[in-house]
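Top to bottom, those sequences are chains A and B.
Under my numbering, the first sequence is numbered contiguously, ending at residue 201.
Under my numbering, the second sequence is numbered contiguously, ending at residue 1413.
Calculated from the structure, these hints are not laboratory results.
Model, not experiment: these values are computed from the prediction.
Don't be surprised by glycine CBs; every beta carbon is placed ideally from N, CA and C.
Please note that a few of the clues may not be correct.
Unchecked claim - A few chain A residues that don't get close to chain B, going by computed Cβ distances all over 12 Å: (1) Thr6; (2) Ser71; (3) Leu145.
As the list claims (entries may be wrong) - Restricting the straight-line Cα-Cα distance to at most 35 Å, the calculated cross-link-like pairs of lysine-lysine (DSBU-like) are: (4) A:Lys111 <-> B:Lys1263; (5) A:Lys3 <-> A:Lys91; (6) A:Lys74 <-> B:Lys1168; (7) B:Lys1085 <-> A:Lys103; (8) A:Lys54 <-> B:Lys1285; (9) B:Lys1307 <-> B:Lys1403; (10) B:Lys1085 <-> B:Lys1263; (11) A:Lys103 <-> B:Lys1232; (12) B:Lys1260 <-> B:Lys1297; (13) B:Lys1011 <-> A:Lys33; (14) B:Lys1168 <-> A:Lys57; (15) A:Lys99 <-> B:Lys1232; (16) B:Lys1403 <-> B:Lys1354; (17) A:Lys103 <-> A:Lys140; (18) B:Lys1263 <-> A:Lys152.
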Amino acid sequence: MQKAPTQVKVVLLGDSGVGKSSLVLRFVADNFKNDADATIGASYMGKILQFNDKMIKFNIWDTAGQERYHSLAKMYYRDANAAIMVYDITKRDSFEGLKRWHKELQEFGPKDIVVTIAGNKEDLVETEAVPQEEAKEYSKSIGALYRKTSAKTNYGVEQVFRDIATKMCPDLEAQAPAARPSGTISLQPKPTPAGGKKKCC
Amino acid sequence: METPLFLRKKKLFFVFTSAAKPVWTRYGSETDLSTFIGSLAAILYKFQNYYTGIQDSLRYLRTADMYVVFLCTEALFYVCISKGKDSLESLYNQLRMLHTKVISTLTDNITTMLISRPSYDARNLMGGTHSALDYLIRTTAVSPSMLDAFMPVPMLAQHRSQIQLSFKSHLDDDLLYGFIMTSTSIIYRYCRKGENIHHIDTSLLFNMLASHSSLRSTMSWTPICLPNFSDKGFVYAYITFLQDSQVGLALLSDNSAAFKNLKACGDAIETEIRGLLPIIEESVKSIPYSVSICGIKEFKHFIYMTKAVDQYTMSGFTPSTRDFLPEMPIDIYKRTLRRYFAAYKLSNIPEFFKGNYTKIDTYKNEQIVALRTNEYVLFASLSSMLPAAAVVQLTTQLLRWLKSQEQDFFIMR
Ligand SMILES: Nc1nc2c(ncn2[C@@H]2O[C@H](COP(=O)(O)OP(=O)(O)O)[C@@H](O)[C@H]2O)c(=O)[nH]1
Ligand SMILES: [Mg+2]
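Bound conformation, chain B alone (with noise of 0.2 Å):
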C-alpha cells in the first residue's frame, strides 16, 4: 500500500477530540485523515483501558527513528509523530504550546464545551489559525524552553528606558500589559502596577503578531486569551504598526470596550517614540547576533538567563558575521540545543540541584557547560579539545561580561 503523501512528512501534529473528532492537523486535510486519528484515538483508549484507577495515560511510543507523543488534557487530545531528532522535552513542549494556543483562541470555555459535547465539531472555530499554528510549532522548535523565558532585542539601557518612559507618561486605567514588537522580536513590554505577564502569554502575543500578516495593514482590536492572567475569558489587544515600519505596538485591556482609549494612548505613544524608530529597527536588525560578541573566542554558542528577569538572551545560530568562528548552522544548534536540554534535565533532580549546580559535558566535537544558580542559568558549548581548567576559567570570564551587559540585553524592570 501507499504511504499517504502526509506521512512522508518529518514532523505531524494532530489535535482531536475525545470523541476522535479532528480539530487542526498540520498537514492534509482533517477530513481525509478522520480514519488515521481514528486510530490514534483507538490506540489512546487501548492503553487507557490496562490502567484504570491509575491517572495517567499513554504518553509515547517508539521506534527506531519515530517518536509518537501523546499530550491529553481534559477535552483536547494532541499527538506529534516526530522522524527528526527532537527531544522528548521538546516535542511535549511543542504539544503543550499547541494547546495553550488553542486556549488562547477559544479560552479554556471550549474544554467544558467538549466534555459535554465530544462530538461538536471544533474546527471552525479554530478558522483562521492554521498560519500562527504553524508558526508556532516552527518557533518552539528551536527555543529553548526549559528556561521558562523569552528572549527581548539587545538595546542600549539608555534607549529602551526612553520607549519605557513615553509608556509611563500615557498610562491609561485600561491598560494591561503593552509592547513593543516586530514579527521576529520583542523590543519593550509593559506590566501594569501590581499585575504580572507570564512568558508564555508573552509568546502568545507574540505568535499572533509575527504569524496574521494582516494585522500590519490596519489597526486592529482583537481578543486573545491569555491563560495566565485568566483562561476563562478574552483580553482584548489594540494592534497598530507604526508608520511605514515593521514595529507593532499593542495595547491590551481586560476591558472590551477600551479600544478608544487605548487608541489614545496608543497614538500619544506612537507619537512620541516615533523618533526613537531608527534605533529600534537598527537593534532588531542585530538579532541573532555573533557569538563574537562576548569577545572569548573559544566559545561556539551561550544562552543566558537570568532570573531577575524572565528572559534570555542567546548567540544566533546562524551569525551573519563570524570573526572568529565558523557559524553554527541549524542542524548543529539543535543538536547543541538536546545537548543543553539533557544538561538541565539533570540539574532539576534535587540531588543534584542543591542552589548551585555547575557540570561540563565532553562530546565529540563540543564540549557543554551548564552552570544554574538561583540567579541565573548559563549555557555555552566549546571546542572539545579545550581542558577543564580553561572551560571553568574561560566561563567565569563570560559570566562577568554577560553580567555587565544585563542591562542592555534585557528590559529592566
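Here chain A stands alone, though its shape is the one from the complex (with noise of 0.2 Å):
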C-alpha cells in the first residue's frame, strides 16, 4: 500500500497574459487552450506526482495577478512550498516585472520557499526578448532554479514540478517518465539512492 501522498502547495507568479493559467491547465489537464479567458480571483487545482516509491501531491494556486485581488495574498501565499514565477520570452516587460513579483514573494511568502522561474512561451523562441543567459543570471541571483516551458506545446512543464519536488525533497530522483502514457503518470520503480537521510519535505 502506498503512503498517503506529500501535500506541496505551490503558487504561481507573473503578469498577466504569460500563461499562468496554461501552464497549471497543461500540468493538471494536458489541456491547451489557445484563446484562454483571463483568470479571476485565485484558481485552485491539484495534481499527484508519483515518484518511486513516493507521491507528491501539487496544490496548485493561481491568480489574476490583478491588484484588487490584493486581499487574497494572505492566503494565497500562507504555507506555500514554492513558487513558479512566469515570465513571456516574447515580452521584455514580462520578464522585468519578476523583480516586482520577487518583492512580494518576499513579502508575503515563507522564508523557506522554492523559487522555480519558467521563461514560457518557448515555442515562440524566434521572437525571444530575453537573452537566456540573462534569466539564468538572474534566476541565480535570487536563489532560483529555473527553466524554459510551453503550455502550447507541453515542453518542460511536468519538469518544473519535478524540479520543485527534488529540491524540496533531495532524496527522490526526478526523472520525466520516458514516454506519458495518454492521461496517467505512471514511472518506472527505480531503486532508492542510498544515503539521502534528509527528511523529505
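Take the two lone chains, each set in its own frame, and fit them into one complex as the hints suggest.
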C-alpha cells in the first residue's frame, strides 16, 4: 500500500498573459486553449505525481495578478512550499516584472520557499526578447531554479514541478517519464539511492 | 468629417471619473475616446453650473433617434448613448447595474479613493472585466428589471428540495450563500439563516459565473463585493463545476480564510447531488419555455412575479416549440417589454396603486394586461382582437394556473 501523498503547495506568479493558467492547465489536465479567458480571483487545482516509492500531491494556486485581488495575498502565500514565477520569453516587460513579483514573494511568502522561474512560450523562441543567459543569471541571483516551458507544446511543463519536488526532497530522483501514456502517469520504480537521509518535505 | 467607428454602434457606454479619466468603454479603446469623454464631462459640468444649490444633475438629452443618458454617482459618471428604442427606465437600469458591477468588482472604496484622487487611472483596476460588463449590458437589455427579481429555472419541487436537503445536511458555519447555477440559469439558492440575499447580488454572482469561462476549468476562490450585503468589502466565492458538466456550484463566505471549509462542504454537496445531474441538465434545457405550456392559446407571452420570493418566471421570447402561436422574436419581445414597463410605471403612481391594480392597454397588434397586487405582478400579451371581458376571464384562468405551478417555478423557502 502507498502512503498518503506528501502535500506541496505551489503558487504561480507573473504578469497577466504570460501563461500561468495555461501552464497549470497543461500540467493538470494536459490541455491547452489558444484563447484562454483571463483568470478571475484565485484558482486551485491539484495533481499527484508519482516518484519512485513516493507520491507528491501538488496543490496549485494561480491568480489573476490584478491589484484588486490583493486581499487574497495572505491566504495565497500562506504555507506555500514553492513559487513558480512565470514570464513570457517574447515580452521583455514580463521579465522585468519578475522583480516586482519577487519582492512581493519576499514580503508575503514563507522564508524557505522554493522558487522557480519559468520562461514560457518557448514555442515562440524565434521572437525571444530576453537572452537566456540573462534569465539564468537573474534566477541564480535570487536563488531560483530556471527552466523554459511551453504550455502550448508541453515542453518542460511537468519538469518544472519535478524540479520543485527534487529541490524540496533531495532524496527523490526526479526523472520525467520516458514516454507519457496519455492521461496517466506511471513511473518505473527505481531503486532508492542510498544515503540521502534528509527527511523529505 | 468622418464619424469615428465607435459612434456608429447602436448603444454606447462610457464610465469615467469626475476628472474625465476614462474607466471603461464598451467599444473603442479608452485612450482613443479620451477627447470624446472629455466633451461628455464638459457637458455635465456646464449643466451643473446652472443648477447650483439643487441636488440634481443632467439626466438625459434626446434627439429624434437618440437618447444620451447620464448617471452621476459620487465619484463615477456613467453615460449611455442609445440609438435603439429602449425606454429611459431600461437605460437607467442598465447604467445603475453597470455602477453596481463596478462596486462589485472594486467595493465602494473606489468611491472614497476617487473623491480624493479624481485623476487616478482606474482602468487597470477593472482589468479582465470587459466581457462581464458587456454581458451585463446584453442581459439587462432584455430583463424585466422593474420587477426587482430574478428568474430561476422551473424544476419539479421534489427535485429542488433534494438539492436543498443536500445543502442543509452539509452546512458550514462559514457558508453565507450557496448557489447551483449554469451560465444561463439559476437552479438553487441557499441563504444563511437570519440573512437575506438581494436579487441584485444574485444577478452579480450570476454575471460573474456566466461571463468568465476560466471559472469552468478550475476550482476558484474569488473575491466579489455584493453591495446589498456590504459595499465596504468582499465576500469570497468558492466556485467549481460538477464533473463534466456545465452545472456550477458557488459557495460564498464572509470569511476570507474559509476556502478549505467551503471546499469540503462543496465536495460533500457535489457527491450528494451528482445523481440529480441529468434532472438539473434537463430542466436547464427547458428554458426558454413556450408560452403554450399554460394551455391557454390566446396568450402570446407572460411574466409572473410573486412577492413571497423575489423571483419571476416568464415564457420565452423565442420558444423552441410553438404549438399554438408564432414564436415571439426578440424585437417583438422588446417592444412588449417596453409596454410592460409603461404599464408598470403607471401602477407606481400612488393614486393608481392602492394595493390592487388592473389595466388593459390595447395596441394595434396586441393587448397588454397588467395586474399588480401586494402578492404578485402579472403581465401578459394577448391578441388585440379579444374583447375586454374575454381578456379578464382568460387572465383569471392564467393566474390560477400560474399559482398552481408556483412550487415548480420558484425556489421556495
Ligand atoms: N504560443 C504560446 N501561447 C501561450 C503559451 N502559454 C499560454 N499562451 C497563450 O497566452 C495567453 C495568456 O495565457 P494565460 O494562461 O491566460 O496567462 P495568465 O494570465 O498568465 O494566466 C493565452 O492566449 C494562451 O493561449 C505558450 O506556451 N505558447
Ligand atoms: Mg491566468
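Satisfaction of hint between Lys1232 of chain B and Lys103 of chain A, Cα-Cα up to 35 Å
Between Lys103 of chain A and Lys1232 of chain B the Cα gap is close to 28 Å, so the pair holds against 35 Å.
CA of Lys1307 of chain B to CA of Lys1403 of chain B, is that 35 Å or under?
holds (12 Å)
Between Lys1011 of chain B and Lys33 of chain A, is the straight-line Cα distance small enough, at 35 Å or below?
The hint holds at about 31 Å.
Has the given pair, Lys1260 of chain B with Lys1297 of chain B, been kept, meaning a C-alpha gap of at most 35 Å?
Given pair Lys1260 of chain B, Lys1297 of chain B is violated - Cα atoms ~52 Å apart, limit 35 Å.
Chain B versus Thr6 of chain A - minimum CB to CB distance exceeding 12 Å, so not interface
Given that every Cβ of chain B is farther than 12 Å from that of Thr6 of chain A, nearest at about 18 Å, it holds.
Quick one, are Lys54 of chain A and Lys1285 of chain B close enough, alpha carbons at most 35 Å?
Given pair Lys54 of chain A, Lys1285 of chain B is violated - Cα atoms ~46 Å apart, limit 35 Å.
Just to be careful, I want the Cα atoms of Lys1263 of chain B and Lys152 of chain A compared with a cutoff of 35 Å; is the pair within it?
Holds, at about 30 Å.
For Leu145 of chain A, is the shortest beta carbon distance to chain B beyond 12 Å?
Non-interface label on Leu145 of chain A holds, nearest chain B Cβ at 24 Å vs cutoff 12 Å.
Has the given pair, Lys111 of chain A with Lys1263 of chain B, been kept, meaning a C-alpha gap of at most 35 Å?
Cα-Cα ~27 Å, so holds.
For Lys99 of chain A and Lys1232 of chain B, compute the direct alpha-carbon distance and say whether it is at most 35 Å.
holds (32 Å)
Holds or violated: are the alpha carbons of Lys1085 of chain B and Lys1263 of chain B at most 35 Å from each other?
violated (46 Å)
Distance restraint between Lys1403 of chain B and Lys1354 of chain B, which requires alpha-carbon spacing of 35 Å or less:
Roughly 22 Å between the alpha carbons, so the hint for Lys1403 of chain B and Lys1354 of chain B holds.
This entry does not satisfy hints 2, 5, 7, 8, 10 and 12, going by the numbered hints stated previously.
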